[in-house]
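Peer 1: Chain residues, written in single-letter form:
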Amino acid sequence: MEAPDLAEDPKKGLRIAAIAALVLAAVLLPLGVQNIFLLHILIMVFFYAYMASAWNLLAGFAGQLSFGHAAFAGIGAYISTLLFIAWGISPWIGMAVGGLAATVVSVLVGYPCFRLRGAYYSLVTIAFAEIIRLYVTSTQRVAGIELKGAAGLVLPLKGQAPWLFQFDSKVPYYYTILVMLLAVATVGTWVKHSKPGYYLAAIRDNQDAAEALGVKAARMKLYAAALSGFFTGMGGTFYAQYIMFIDPVSVLGIDLSVNLVVISVIGGIGTVTGPVLGSFFMTPLSEVTRLYLGSSYAGAHLVLYGLVLMLVVAFMPRGLWEALVTLEGPITRWWASARHRGMQVDSLKQAARNESRERQ
Amino acid sequence: MLLQNVVTGLLMGSVYGLVAFGLSLLFGVMKIVNFAHGAVLMIGMYVVVSLTGLVGFDPYLSAAIGTPMLFVIGYLLGLSVEPILMRERSTGPISVLLWTLGFSLFAINIVLIIFGADYRVVESFVSGKTLELAGVIISLPRLGAAIVAVVTFVGLYLLLTRTDVGKAMRATSQDMEAARMLGIDERKMCRMAFAISSATTAVAAGVLVPFYYVSPTVGDVFQLKSFVIVVLGGIGTISGCLLGGLIVGLVESLGAQYLNATYAQMVVFLVFVVILLVRPMGLLGKERE
Amino acid sequence: MSLVNASSDPPLVLEVRGLTKRFGGLTAVDNVSFGLAEGSILGLIGPNGAGKTTLFNMLSGVYRPQKGRVTFRGEDITGLPPADICARGIGRTFQITKPFGSLSVVDNVMVGAFLRTNSVRQAREESWAVCRTVGLEARGKLAAKNLTIADRKRLELARALATRPRLLLLDEVMAGLNPSEIEEIMALLKRINALGITLLIIEHVMAAVMRLSHTIVVTANGRKIAEGPPERIARDEAVIQAYLGEEYQFAPGAGH
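Residue numbers (numbering that gives the first Met the number 0), protein chains in the order written: chain A, 0 to 359; chain B, 0 to 288; chain C, 0 to 255.
FYI, nobody ran anything at the bench for these hints, they're computed from the structure. Take the hints with a grain of salt, since some may be wrong.
[Unchecked claim] Once the Cα atoms are required to be at most 27 Å apart in a straight line, the calculated BS3-like pairs of lysine-lysine come out as: (1) C:Lys-144 - A:Lys-194; (2) A:Lys-11 - C:Lys-140; (3) C:Lys-144 - A:Lys-11; (4) A:Lys-169 - A:Lys-157; (5) B:Lys-166 - B:Lys-30.
Here chain A stands alone, though its shape is the one from the complex (with noise of 0.2 Å):
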C-alpha cells in the first residue's frame, strides 16, 4: 500500500485524522466511562460492527449477498462452547478452533452455491442456515456430547479468569470486541487495496468481463468466502463468552443474518467503513429501545431498522457512507480557508514587524 500524499489529496488526511481520533477515543473511552449500561451498548455497537464487517467480506467486497450467515456465527459459538463445557479447553483456543471450522464449511459451502446469481444465492444460504439450525434444535446429544436442543448451553460461571475468556467487568470485553473489530477492519482494508481486492471488485461490478481479463470467478469468491467465515466464526465465540449462554435462535437463527445484512446495507455495502457506521448508527437504537419498551414491544427497534433500511434504500443507496462523504468537502474547504486566514494573519503581522523595523 503506498503511502498517501497528503498535500495532494486533502480528503485522505482528514478521513485518517478523523479515524485516528475516533480510535484514540475509544481506546481512552473506558478510563472515563463508568456507567455499565453504556459498556454494553458500545460492547454490542463493537460486535455487530464487527459481524457486519465480516459479513461485508464477501456480500460487499465479492457481491454474494449471504442471508445466512448466523450459520457461521453459531458454529463458532457452539464449537468454542463445546470444547469448553466437555473438555475444559479454554474458550480462546476454541475461538481459534471455531473460525477454522467455520472458514471450511463457508468454502465447502461456498463451492457449489457460488454459482447461483443474485437472489437465488441469497435463498440457498438462508436454507442452509436454517437447515444447521433445525438440526441442532432437535438434536439433543450428538457423538455422545451434549448439544441440549432448543434449550440451548449455559456457559459455566468462572468468575475472573482471563486465560479461560471470562472477565468479572465489562472492561475488558470491550478492548477484546475493539482489538477484533480493529482487526477486521485492517484486513478488509488490506484487501480492498491488494490484488484480490481488485478482483473481487470487478467481479461484484460485472463477473463476465473480469473472467474476460483472466480472472477466477470461483477461486477469488472462495477466498472472500474463507475470510468472511473465519472472522464470523471467531465472533460467535466472542458473543458466547459475553452473553454466556447460546441457543439456536441467538447464535443460528435469521433475525441474526438479517442484523447483519441491514446494518451493513445501511451504513453502505462495500466499504470498511460502511458496516461500522450502520451499527454505530443502529445498534444503540436497538439497545434502548429494548431497555425502555421492554419485552412487550419487543419489536420496536425492527420499526426504525425497517424504517431505515426502507429510506437508506430509496434515497441514499450507498448508504449513510454516502451522507458523510459528501461532508469531506465543505469540511476539507473551511479547513484550507482557515488554514488561508491564519497564513494572511501571519503574514500581516511579518509585514507589521517589517514596517516598524524600517521605522527604526
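Using the hints, position chains B and C against chain A.
Peer 2: Just chains B and C now, with coordinates in the frame of chain A:
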C-alpha cells in the same frame, strides 16, 4: 390414516400454492424477489380480522372487502418500488429485495406494537364443522379454502391469457427488452404485478383466517414455503405453483405424521437446496439459455 | 478450407477448424474454418444472425463448440473457460461495454494488468502507460460509469491490452461511434497492430473494416461464404448477394 394425511396435505397444499402465486408473479414478470410477501399475507389476515371484529361481518365477507383494499396497497407498494428498480439495471432487483425486507420488518413490527403478539382466532359460519367422506374427516373451512384457491387459479389463468394486462405481463416475463420495444410500460407492469400479487394473497388470507391462528409473524413461515414452492414448481407458471404447493402440503402432512416436525422442515429445505443447485428452473419451468 | 502454412508465410497464431455450435434446434455456427496469420488483422463480417458473436464466444471460451477445434499458437484451446483463454494471451472486448462501474478508469485497467503481475505498484504503472496509449490518460481518475461511449470503448481496449495479449478479439468496437471517433479508433487499432498484436475484428462499419483488415472472412447463416483480401471480397458475387448489396464500391488504395 394415510388417506387422511394425504387429503389434509392436498387441501392445505392448494392454499400454499395460491399464496406462492403472488411471489411467483412478481419474480416472473419483474424479476423481483419480494421479501415482504409474508408481510402482505399477514396484513391481509389482519384486515379480515379487524373488519370482522369491528363490523361483525363473517370473515369471508371481510375477505371480499379486504381483497380490493390489498389490491390498492399492492399498487402503492409497486409505485414505491418502481423508481428503485429502474434506477440501475444491474442492481435494481437486489435493491428492491432489500427495500421489501425493510418494509417487512417495518410492517410486521408495527402490527406487533398495535395488535400485540397474541394469537387471534376468528370464527366463521363454517368454523369447526366437518364433513365425512370415505372414512376421511374433512374440515369444512379447509375444504372451502381449497375450493376458493382452485377457483382463484382458474380466474388467474383467464386473467393472464384473456386480458390485455395479463398478456402484457406474460410478454414482460418472457423478455423484458422485447416487451419494452412493443410499447409495454414497465412501470405499469411493476404496479400491476404488485397489485395482483397482493390481491391474490389477500384471497388466500381470507380463506386462511377461519382456521389458522393469526399473529404478526404468521407470514414468515408462509413466505419461506412460498420460496420453496416457487423454486420447486418453476417460476411464473400457474401449474407450477399449484404442483409445488401440493407437493409441499403433502410432504408437510406426511412428515408431521411419520417424522419429527422439525425434521420434516429440514427435509423441505434440503430438497430446496438440491433443486436450486441441480435444476433451478424447477420441475415445470423452462430452461433459460 | 484452411490456409496452408507454407514456410514463406507468417506463422498462424490462430487456427479454427470445423467449428460448430448448436442451440437446441438452431445451428448458429456451421463448420467454420479459417486461419489467422500472426501480426495481421482479420475482419469478420456478415449479416446479423450470421453467427459472428457466437463464433467469438467460442474463441473466448464463453461457449463450448459441439464440434471443431481452436488452436492458438499451436496449443489446442477448444472449450477452455474464459479466464484460461485470457491467461494464454487472447484478450477480448464486449460489444455492449462492461466497465467496472464502481472503479476508476485506471483501476479498471489495473484489473487487466494484474494478470501479469502481483505488485500493485507495477500494475498501476502499466495501467497508466496503457491509458496513455489509448488516449484515456486525462480521464484516468474518473469513475468508469461516467464515461462517454467512445471512452468506454477505449476502456474496453485498454483493459484487454493490459493483459498483454498476442491476439485481440474486438466485438463491434466501432458501434455507436460518430465518424471522427471511428477514425480515431482505427488509428488506435493500427498502432496496436503495429506493436505486433494480431487483431480479429467483428464489425458492421464496412468502410472501416475493409480499410483496416488484411483478410476478410464473411459468414452468413452460420457458414463461411468467402475468405480473402478485401478487394476480392468486395467483388465476390456470393458476398454481394448475401450482404453488401450491388451498390457497395470498394475504393482501392485507401488504408494500407
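Peer 1: The structure should be examined with respect to each hint, and the outcome stated for every one.
Peer 2: Each hint tested on the structure:
Of the pairs offered as hints, the one joining C:Lys-144 and A:Lys-194 holds, with about 21 Å between alpha carbons and a cut-off of 27 Å not exceeded. Distance hint between A:Lys-11 and C:Lys-140 is fulfilled; the C-alpha atoms sit about 15 Å from each other, no more than 27 Å. Straight-line distance between C-alpha atoms of C:Lys-144 and A:Lys-11 comes to about 23 Å, which keeps the hinted pair within the 27 Å bound. For the given pair, A:Lys-169 sits about 15 Å from A:Lys-157 by alpha-carbon distance, which is consistent with the 27 Å threshold.
For a cut-off of 27 Å, the pair hint linking B:Lys-166 to B:Lys-30 stands: about 17 Å separates their Cα positions.
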